[in-house]
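A.B. asks: Generate the whole structure from the sequences, applying the supplied hints.
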Amino acid sequence: MRAVPAHAGGIRGYLLTGGRVVTPAGVLSPGWIRVAGTAIDAVGPGEPGEQRSSGLPVTRLSGHWVLPGFIDMHVHGGGGTSFTQGTAEDARHTADFHRRHGSTTIVASLVTAPLTDLDARAAMLAGLAREGVIAGLHLEGPFLSAARCGAQDPRHMIAPDVAAFERLHAAAAGQLRVITVAPELPGATALIKAAAQAGVIAAVGHTDATADITSAAVDAGASHATHLFNGMRPLHHREPGPAGALLDRDEVSCEVIADGVHVHNTAIRLVARACGPGRLVLVTDAMAAAGMPEGRYRLGSMQVDVARGVARLAAEAEPAAAGAGAGPAGAIAGSTATMAGVVRRAVAAGLPVTDVAAAASTTPARLLGLVERTGALRAGLHADLVVCDEEFGLRAVMRQGEWVGESP
Numbered sequence: 052m053r054a055v056p057a058h059a060g061g062i063r064g065y066l067l068t069g070g071r072v073v074t075p076a077g078v079l080s081p082g083w084i085r086v087a088g089t090a091i092d093a094v095g096p097g098e099p100g101e102q103r104s105s106g107l108p109v110t111r112l113s114g115h116w117v118l119p120g121f122i123d124m125h126v127h128g129g130g131g132t133s134f135t136q137g138t139a140e141d142a143r144h145t146a147d148f149h150r151r152h153g154s155t156t157i158v159a160s161l162v163t164a165p166l167t168d169l170d171a172r173a174a175m176l177a178g179l180a181r182e183g184v185i186a187g188l189h190l191e192g193p194f195l196s197a198a199r200c201g202a203q204d205p206r207h208m209i210a211p212d213v214a215a216f217e218r219l220h221a222a223a224a225g226q227l228r229v230i231t232v233a234p235e236l237p238g239a240t241a242l243i244k245a246a247a248q249a250g251v252i253a254a255v256g257h258t259d260a261t262a263d264i265t266s267a268a269v270d271a272g273a274s275h276a277t278h279l280f281n282g283m284r285p286l287h288h289r290e291p292g293p294a295g296a297l298l299d300r301d302e303v304s305c306e307v308i309a310d311g312v313h314v315h316n317t318a319i320r321l322v323a324r325a326c327g328p329g330r331l332v333l334v335t336d337a338m339a340a341a342g343m344p345e346g347r348y349r350l351g352s353m354q355v356d357v358a359r360g361v362a363r364l365a366a367e368a369e370p371a372a373a374g375a376g377a378g379p380a381g382a383i384a385g386s387t388a389t390m391a392g393v394v395r396r397a398v399a400a401g402l403p404v405t406d407v408a409a410a411a412s413t414t415p416a417r418l419l420g421l422v423e424r425t426g427a428l429r430a431g432l433h434a435d436l437v438v439c440d441e442e443f444g445l446r447a448v449m450r451q452g453e454w455v456g457e458s459p
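Per the numbering used here, the very first residue in the sequence shown carries number 52; after that it's consecutive.
Errors might be hidden in some of the hints.
Claimed, not checked - Here are the simulated distance ranges between beta carbons:
| no. | residue 1 | residue 2 | range |
| --- | --- | --- | --- |
| 1 | 324 | 111 | 34 to 40 Å |
| 2 | 325 | 93 | 35 to 41 Å |
| 3 | 329 | 178 | 29 to 35 Å |
| 4 | 89 | 441 | 27 to 33 Å |
| 5 | 317 | 354 | 28 to 34 Å |
| 6 | 108 | 354 | 36 to 42 Å |
| 7 | 93 | 329 | 21 to 27 Å |
It should be emphasised that the hints constitute simulated quantities derived from the structure, not laboratory data. Source: prediction; values computed, not measured. Glycine residues also receive a C-beta, built at the ideal position from the N, C-alpha and C atoms.
C.D. replies: Structure, rendered in structure tokens:
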């Protein structure tokens, strides 16, 4: 069945019935959702009954899961384009690609680059954020450790500097949501404090810090972990490193790239138990190759080769300081994942569906200050939702009351 715009032909909404509706209070099986215009008008258990139907077109979703639209806090690209390079239209294409794969809200992530380049990218993306194409920006760099640079270019990494942060914050024109910092670098504490004071989430990532240094950064205002375990000093029982310190602090939210490449399923379960659904955040860290054939792509200034679904720095492009864990074929360079795939993998790893929905939607909405707009299937919020089959294969996406692509 073809998608029908929510307002076309006088239709003011939809009634979705018979699905397994995942709400903050639990799974309604079956449940129903009434959409009016761009918003969720009502949600309830069982069948809606004649009074609640109000003559709306009904879509039956028997056997399907209905989850809140996914919120990806860490994504660089997809569908052959990216936020890190190219034009505004390329960035729009990237956002559209991920919307079609379930991410109804997207934070565009940039990688390390010269400050002048970051200024220009931030200004361009800020315009798209004001239009509602994206929900803001994440600066993953340039204040990172060259010892843990992974697939980022160490030539452009600089020591944390408050003046440089203020310059980038100004270029983003109020749209900077997250900045990743290596807390062991000189000047990191002052930058973390400045970010927190400005209302920007200070995240710990691409770091060789000890647990004590990381904990001190949390004391200074750091409150988020950028792709936990990846790009970090490994956890050890005598030196827990950043991962151990971040997991140990209740005020810290932790990203996990649950794509089957970056983190083992056992580690996903361990993090989920340590964090609970209120602190775990599922992300893609996707780059331009997401949804594309094998071949060569770019992540910022770096050349990336994709084979069997894994993106790695091209051998001739790999920096000497790629850090521990870089294999002979190069460091892992972002992912080729979508949030639909990440959610399916997290469920397959054994996480409860309600916890997965929180980690993919509700918790990032809270962190980004969007809980009054999206992040849950609740009356009054945007009609942002994802329909999956029994095995959590993606079947349909709705954003603000409009089906993205085809309806279920």
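A.B. asks: Taking the hints in turn, state whether each one holds.
C.D. replies: Cross-check of the supplied hints:
1. 324 x 111: 34 to 40 Å: holds (36 Å)
2. 325 x 93: 35 to 41 Å: holds (36 Å)
3. 329 x 178: 29 to 35 Å: With Cβ atoms ~33 Å apart, the hint holds.
4. 89 x 441: 27 to 33 Å: holds (29 Å)
5. 317 x 354: 28 to 34 Å: holds (32 Å)
6. 108 x 354: 36 to 42 Å: About 49 Å separates the Cβ atoms of residue 108 and residue 354, which means 36 to 42 Å is violated.
7. 93 x 329: 21 to 27 Å: Holds: the Cβ-Cβ distance is about 26 Å, inside 21 to 27 Å.
The structure does not agree with numbered hint 6 stated previously, though it agrees with all others.
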